[in-house]
Structures are given as structure tokens and as C-alpha cells.
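Chemist: Sequence:
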Amino acid sequence: MIAKKTINLFKDLAQLWSPQPNLTVSEWADKYRILTSDTSAEAGPWRTSRAPYMREIMDCITDSNTEEVAVMASAQVGKTEFMLNMVGYHIDYDPCPIMFMLPNKKLIRYFSTTRLSTMIEASDALRDKVAKNAGNTIDEKAFLGGSIAIVGANAASSLSSRPIRILLCDEVDRYPVSAGKEGDPINLAKMRTTTFPSNRKHVYVSTPLDKDTSRIEQLYEDSTMEQWSLACPSCDAFQPIKWAQIKFEYRKTEDNEFIVDEVNHACNECGCLHSEREWKRAEGKWIAQKIHSLRRGFHLNQFASPWVTWEKIVRDFLEAKRDGQEKLKTWVNTVLGESWEEKGTTVDEDILFERREKYDAEVPNPVKVLTAAVDVQDDRFEIEVVGWGPGRESWGIEYHVLYGDLKREETWQQLDLWLQKRWSKANGKQFGITCTCIDSGGHFTQEVYRFTKVREARRIYAIKGASAIKGEYIPLLAGTSRPKPLKTLLVRIGVNDGKARVLSSLQVEEPGPSYCHFPKGQGYELNYFLGLTAEKLETRHEKGRPYHVWVKKRARNEPFDLRVYNTAAIEIVNPNFDKEYPGFYKKKRKRVRG
Numbered sequence: 001m002i003a004k005k006t007i008n009l010f011k012d013l014a015q016l017w018s019p020q021p022n023l024t025v026s027e028w029a030d031k032y033r034i035l036t037s038d039t040s041a042e043a044g045p046w047r048t049s050r051a052p053y054m055r056e057i058m059d060c061i062t063d064s065n066t067e068e069v070a071v072m073a074s075a076q077v078g079k080t081e082f083m084l085n086m087v088g089y090h091i092d093y094d095p096c097p098i099m100f101m102l103p104n105k106k107l108i109r110y111f112s113t114t115r116l117s118t119m120i121e122a123s124d125a126l127r128d129k130v131a132k133n134a135g136n137t138i139d140e141k142a143f144l145g146g147s148i149a150i151v152g153a154n155a156a157s158s159l160s161s162r163p164i165r166i167l168l169c170d171e172v173d174r175y176p177v178s179a180g181k182e183g184d185p186i187n188l189a190k191m192r193t194t195t196f197p198s199n200r201k202h203v204y205v206s207t208p209l210d211k212d213t214s215r216i217e218q219l220y221e222d223s224t225m226e227q228w229s230l231a232c233p234s235c236d237a238f239q240p241i242k243w244a245q246i247k248f249e250y251r252k253t254e255d256n257e258f259i260v261d262e263v264n265h266a267c268n269e270c271g272c273l274h275s276e277r278e279w280k281r282a283e284g285k286w287i288a289q290k291i292h293s294l295r296r297g298f299h300l301n302q303f304a305s306p307w308v309t310w311e312k313i314v315r316d317f318l319e320a321k322r323d324g325q326e327k328l329k330t331w332v333n334t335v336l337g338e339s340w341e342e343k344g345t346t347v348d349e350d351i352l353f354e355r356r357e358k359y360d361a362e363v364p365n366p367v368k369v370l371t372a373a374v375d376v377q378d379d380r381f382e383i384e385v386v387g388w389g390p391g392r393e394s395w396g397i398e399y400h401v402l403y404g405d406l407k408r409e410e411t412w413q414q415l416d417l418w419l420q421k422r423w424s425k426a427n428g429k430q431f432g433i434t435c436t437c438i439d440s441g442g443h444f445t446q447e448v449y450r451f452t453k454v455r456e457a458r459r460i461y462a463i464k465g466a467s468a469i470k471g472e473y474i475p476l477l478a479g480t481s482r483p484k485p486l487k488t489l490l491v492r493i494g495v496n497d498g499k500a501r502v503l504s505s506l507q508v509e510e511p512g513p514s515y516c517h518f519p520k521g522q523g524y525e526l527n528y529f530l531g532l533t534a535e536k537l538e539t540r541h542e543k544g545r546p547y548h549v550w551v552k553k554r555a556r557n558e559p560f561d562l563r564v565y566n567t568a569a570i571e572i573v574n575p576n577f578d579k580e581y582p583g584f585y586k587k588k589r590k591r592v593r594g
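Here the sequence shown stands for residues 1 to 594, where the numbers follow our numbering.
Note that these hints are calculated values from the structure, not bench results. Don't be surprised by glycine CBs; every beta carbon is placed ideally from N, CA and C. Incorrect hints may appear among the rest.
[Said to hold, decoys possible] Derived DSS-like pairs (lysine-lysine); straight-line CA-CA distance at most 27 Å:
| no. | residue 1 | residue 2 |
| --- | --- | --- |
| 1 | 242 | 407 |
| 2 | 211 | 105 |
| 3 | 579 | 327 |
| 4 | 290 | 211 |
| 5 | 312 | 247 |
| 6 | 106 | 579 |
| 7 | 464 | 453 |
| 8 | 579 | 211 |
| 9 | 242 | 321 |
| 10 | 247 | 285 |
| 11 | 579 | 425 |
| 12 | 106 | 211 |
| 13 | 429 | 579 |
| 14 | 407 | 484 |
[To be verified] If you anchor each label on the Cβ, the simulated ranges turn out as follows:
| no. | residue 1 | residue 2 | range |
| --- | --- | --- | --- |
| 15 | 45 | 234 | 54 to 62 Å |
| 16 | 198 | 346 | 45 to 53 Å |
| 17 | 117 | 45 | 15 to 23 Å |
Construct the complete structure from the given sequences, taking the supplied hints into account.
Modeler: Here you go:
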């Protein structure tokens, strides 16, 4: 038995020390990587030729003259897959200590079990090299000659405790400015590579978010700034496919849907129009805008992707434009792979006050669904009901302050009765509240939990702002939990994302998608608009890193918070605006009344 173990040990050492064939990352992937149906729409052997733009990105990692690589890219171009290829290459061919950094530690389990482990198990070249023993965990896996640590950018201790040679940073625009109090997470991780001065690699990948604070855009602009370019089928001039040169024809159906009939791209040299098929069959190469840079930088948009058609890109644009600023921002980020630049950081309260309207009824005709938000103060509830229509166009319905002693049960019963109100359209049709979000972050947390627990069937939910480190991105709907002992459903809200959405909507100047209407009366007096505009967005810096922060201009900001909660409520409902939601019927209310 001992002799057999010794023989196996020498076999492993011989394999480690034996000369390897001269492979690049793309060549390794083409030879050994297997995609599975669990993580890919195209299961089977990896083919770099399927997405030829990936070849140069992956292979520059093996270039001894390249230490840093920045990839600013849209969604659905294979960003995570080529990073996994780099991991597989180093596990199998060039073993060393690797760190794979995600935006936060909550993502570690999903990435480790769904993406990394799936790749390892599917590949004969990797399966036996990653040890299956007690030493391997969800966030760290050892292999012959190295290891891979999966860390969150918000966890300082995991960033400063180990030497690494390969640093892979995924979705860097979602990183916090500082990992706790330790400083920039990227700099902390880079310090771990100082013991490998000759062959270390730093790879940064992300879809860009906001222009003022985008890490990946800054990294890209301080690089070779390479663009994937295709040769014009008519004149052979190489050029990137750009949205500004896309020409299309479309029709709109009676159901407010879009049918795209034709999509072409105009050559920036000869002006000739060619289809997606013609452009994608042409020769492609990376063209650098800067030659003298120590960092290789690549920009990709979805027009290059083999998994997304140009017709779908155009249709997504038309739908985003129809549905409002927030959807359009997402389209710019995830389709064009470009950062979004906000119009401004604040809105004038007088302009909003002066544009109040006289509605034709309590509920204007375009409204399809009502939501409500409740802010819990020491001596009162502040409540706003908002109506929503297609494109998230909104109508303030009523702003109400309910005073009382919140330590007394009858005050909460008054709130319950108020939330059962109904509002009418001009045709007499009545609407109730479809979803209500109540803030639980104040002095009456347990009271809110008790109130919402027995009313969940009416979609009355407790909410709480999700804690965030400076600069960390948290989506508006950040997850749910059921805290003990009551196990009430608690919805966590990304408040900064919500405030940015509200500000963007308030800046829309013409009725239509995302526009905010306000009535004359119904609680919408000047004080309301002072509260709605009580905060402004500022860009600050910490140790050289920019980040956004919301700063109060005035003490009372309840109307602003309530608009954020209402925005969360409509996201929870996610309604089909082709139908109306008259609210909950009385028999359902009786059944759930607490």
C-alpha cells in the first residue's frame, strides 16, 4: 500500500515537472474545455471560433509582455466563460495561486458550485487535478501546484491574507470603494501579487454602470483601448459595429409590441449598408486606439455576439425607449457595453410644484395599478399612493399623514383601514392598493413585522434598506428573508439604486415613459415637493476612488423615501400593463385581517 502511494506520488511529480506543449489559453480551451447544458445554451466542446473576438483576449494572458488586461463589455458576449478558461488553463497547464474576486461574498457559493465546479467536473483535464478532500471548500480549492481562492470585494480579510499570481476581477463596477476600512479591494488584492513580479497577471472585467464612477471605463481608457472591428463587405475598411450607424425599419402592433423588419450597418468609409450576416462573415480583428500603454484594454458590445441577433438588439432598444429611462439605462449598459451619464444630480422643487395637474378623476384613465408606501415615524405614518401605467409612467394619487400613538394597537388598525381605501376612475371603476411597502427600519420594527405578517396575502410587506459599503452596487430588490421569531417576509431594498431611479424619473420633462404626474391637492403641496427633492447625488472620492453618495439638502425627506418604496412595490408586482388591477376584493380582505 505504501509502495503504491509512493509510485503515485512520483507519477504526480513527474507530470508536474514534465515539459508541457506550448499552448495558449484559447488552444487549451479548444482542446480540453467542455460546456454543459447546466450553464450553456450550446453544450459540447468549447470552440473559440464561435466567438473569435475572445481569442486575443484570452491569449494575451500568456504574453510575457502583458501584465494587466481590462475588458469593458456588454452582457452575453461570454465574459465569464473566457475567465473560466483562464482558470482552467492555469489549473491544468500552468499551476499557480489564483484569486477570483466577485463583487460581494454572497455570490461565492453560486459561482463556485454552478460555474467553477461544473467546469471542473466536465473536463477530463481538470477533474482529477482538483482534490476532493476536506481541505477543499466552497471558497477555496487546491490543485497540484496551486489553488484558487474565490473572494468577495467587500471582505477585507480574504483580500489580504495570501500571496497570489493570477488576479481575476469580475464585474468591477459593482465593487465597493473600500473593503471595510482597509481600502480599495482591487489594490488590496494586487498587493498579494508582489511576490510574483515577473509573471503576475491582473485581469479586470465588467459591464460598465455609471459614467462618473465606472472603474472599468477608467481602466479601459488608461489602456490600449482596442475595439473589435470587422471589414466592410464592400470596401474592406475595418471598423467597430456602432449603434450610431445601425439603420433599421420596424412596425408597431396594436398590442404596443415591435416587429423589426430590417437591420443594417452603414460603413463609416463608403456608406454601404450591409446586413448582420454579411458583417459577421467578414474578417475581424482588434484595433488599438492607443499603442503605447502597459495595459491591454478591450471593448465589446452585443453586436459582436454570436448569441444575440441584431434584430433582438433593436427590438430591445425600442422596448427600453418605450418603457422609460431606467430600462434605457440598462440597455446602454448591457447591450452597448457603455456607461450611463445622468442628466443632473438634483431636481428643482418649484418646477415640480408648478407642473401639478387637475386630474379628470381620483385615478386618471391611463393608470392600471395602484401601490402604496408607508414611512413609520415616532408619532405618525406618512403614506403615499401612486398610480402606474405603461412605461412606468406614474401619477401621484394621494399623500396622507396619519397621526397617532404607534404604541397603541388602534393606531395600527387605523392604518389597516386606510390601506383598504378605494379610488375611482371617471367611469366609476374602483381601484384598491395592489402592493404596499412599509419601512421597518425605525423604532417600531417588531410592530411592523406583526402588522405585515398577517397581511402578506394583501401584498403588504415589511421592507428594510440593505446595508451597503461605499460604492457597492445593490439592486433595488436586493432579496428577501424571514427574520425570527415572527418569520415575517422582509424585502431588502437597495436604497441608492431606488433613489437613482426616482431622480431619473423626476428629470423626465415630457409625459410618457417614466414621467411623474402630480395632482393639485390630495396632499401634494409645496412641503411635499421640498421633501421629494430633499436629497442630491454627489460624487466623492476615497483614496482616489470616486463613488456616489446621497446628501440631504433638507431635514425632512419622507416623500423621497416613499417614492423609492413605491418604486420597489411596482417592481415587486411587475404588472402586465395591458390589463387593470382593481385591487383586492372585500372577501379576501376579511380573510387576512389581523
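Chemist: Next, verify each hint and record whether it holds.
Modeler: Outcome of the hint check:
1. Between the alpha carbons of residue 242 and residue 407 the distance comes to roughly 60 Å, so the proposed pair goes past 27 Å and is violated.
2. For a cut-off of 27 Å, the pair hint linking residue 211 to residue 105 stands: about 25 Å separates their Cα positions.
3. At roughly 21 Å between alpha-carbon atoms, residue 579 and residue 327 fall within 27 Å of each other, so this suggested pair holds.
4. Our distance criterion of 27 Å between C-alpha atoms is met by residue 290 and residue 211, whose separation comes to about 21 Å.
5. Proposed proximity of residue 312 and residue 247 is supported: the alpha carbons are some 14 Å apart, at most 27 Å.
6. Only pairs whose Cα atoms come within 27 Å are accepted, and residue 106 paired with residue 579 is rejected, the gap being roughly 37 Å.
7. For a cut-off of 27 Å, the pair hint linking residue 464 to residue 453 stands: about 15 Å separates their Cα positions.
8. As the CA atoms of residue 579 and residue 211 are separated by approximately 37 Å, the hinted pair breaks the 27 Å bound.
9. This hinted pair checks out: residue 242 and residue 321 have alpha carbons roughly 18 Å apart, not beyond 27 Å.
10. At most 27 Å may separate the alpha-carbon atoms for a hinted pair to count; residue 247 and residue 285 meet this at roughly 23 Å.
11. Distance hint between residue 579 and residue 425 is fulfilled; the C-alpha atoms sit about 15 Å from each other, no more than 27 Å.
12. Of the pairs offered as hints, the one joining residue 106 and residue 211 holds, with about 26 Å between alpha carbons and a cut-off of 27 Å not exceeded.
13. Using a Cα cut-off of 27 Å, the hinted pair residue 429 and residue 579 holds, with the two alpha carbons roughly 13 Å apart.
14. Between the alpha carbons of residue 407 and residue 484 the distance comes to roughly 21 Å, so the proposed pair stays at or under 27 Å and holds.
15. With their beta carbons about 35 Å apart, residue 45 and residue 234 fall outside the hinted range of 54 to 62 Å.
16. A hinted range of 45 to 53 Å holds for the C-beta pair residue 198 and residue 346, which are about 50 Å apart.
17. Hint check: residue 117 to residue 45, Cβ distance near 19 Å, so the stated range 15 to 23 Å holds.
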